[in-house]
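A.B. asks: Sequence:
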Amino acid sequence: MRIEARLFEVLTGFFFLVAIAYGLASGLSSKNVEWVGVTGLVMTGGLTMIIGTYFRFVARRVDIRPEDYEDAEVSDGSGELGFFSPGSWWPVVIALGAATLAVAMATSNFWFVGFAAAAIIGAVAGLVFEYHTGQEKH
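Counting in this note's numbering, the sequence shown runs from 1 upward without gaps.
By construction, these hints were calculated from the structure, which means they are not laboratory data. This structure is a prediction, so every number in the text was calculated from the model and none was measured. Careful: at least some of the hints might be erroneous.
[To be verified] Taking CB as the label site, the calculated pair distances span:
no., residue 1, residue 2, range
1, Tyr131, Gly27, 27 to 37 angstroms
2, Met105, Leu81, 49 to 59 angstroms
3, Ser85, Lys31, 55 to 65 angstroms
4, Gly79, Phe110, 31 to 41 angstroms
5, Ile3, Gly40, 19 to 29 angstroms
6, Val10, Phe110, 37 to 47 angstroms
7, Thr39, Gly79, 42 to 52 angstroms
Even glycine gets a Cβ: it sits at the ideal position worked out from N, Cα and C.
From just these sequences and the hints, can you work out the full model?
C.D. replies: Here it is as structure tokens:
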């Protein structure tokens, strides 16, 4: 996690420096500073700072991964990565709900937005509780 934290810390510095340079350049080229761009760059820097801080805190709590070693081999990262349900249809339902939500928002059908949001919430609940109900319950 240290690599990811470092990446986002570098991005944070980059966005803050670019925000300062953009503010100065837009202020010198016209009568007023173009505040929308400056605000967007500062907010982007703030978001990358939040993510970098999170990764830095997580890096303190987890063991060192093979990705954190300079001379790690591919075989160092072998093993189980987690459980992924091979026959689950819930991700497809979530994707269809998200596509429906996007179309409903784009066409301003706000009654359809509620339906799509309910479908997404129901599908996420189905995915989360898939192995806690029915035949798959252990």
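A.B. asks: Is it true that Thr39 and Gly79 lie within 42 to 52 angstroms of each other by Cβ?
C.D. replies: Since Thr39 and Gly79 have Cβ atoms about 45 angstroms apart, the given range 42 to 52 angstroms holds.
A.B. asks: Do the Cβ positions of Val10 and Phe110 conform to the proposed distance bound of 37 to 47 angstroms?
C.D. replies: With a Cβ separation near 41 angstroms, Val10 and Phe110 satisfy 37 to 47 angstroms, so the hint holds.
A.B. asks: Given the hint of 19 to 29 angstroms, check if Ile3 and Gly40 actually sit that far apart at their C-beta atoms.
C.D. replies: 27 angstroms, holds
A.B. asks: Just tell me: holds or violated, for the beta carbon distance of Ser85 and Lys31 against 55 to 65 angstroms?
C.D. replies: Holds: the Cβ-Cβ distance is about 59 angstroms, inside 55 to 65 angstroms.
A.B. asks: Could you see if the CB distance from Tyr131 to Gly27 stays within 27 to 37 angstroms?
C.D. replies: 58 angstroms, violated
A.B. asks: Holds or violated: the 31 to 41 angstroms window for the beta-carbon distance between Gly79 and Phe110?
C.D. replies: 48 angstroms, violated
A.B. asks: Taking the beta carbons of Met105 and Leu81, is their distance inside 49 to 59 angstroms?
C.D. replies: 35 angstroms, violated
Figure legend: structure checked against the earlier numbered hints; hints not met, in rising order: 1, 2 and 4.
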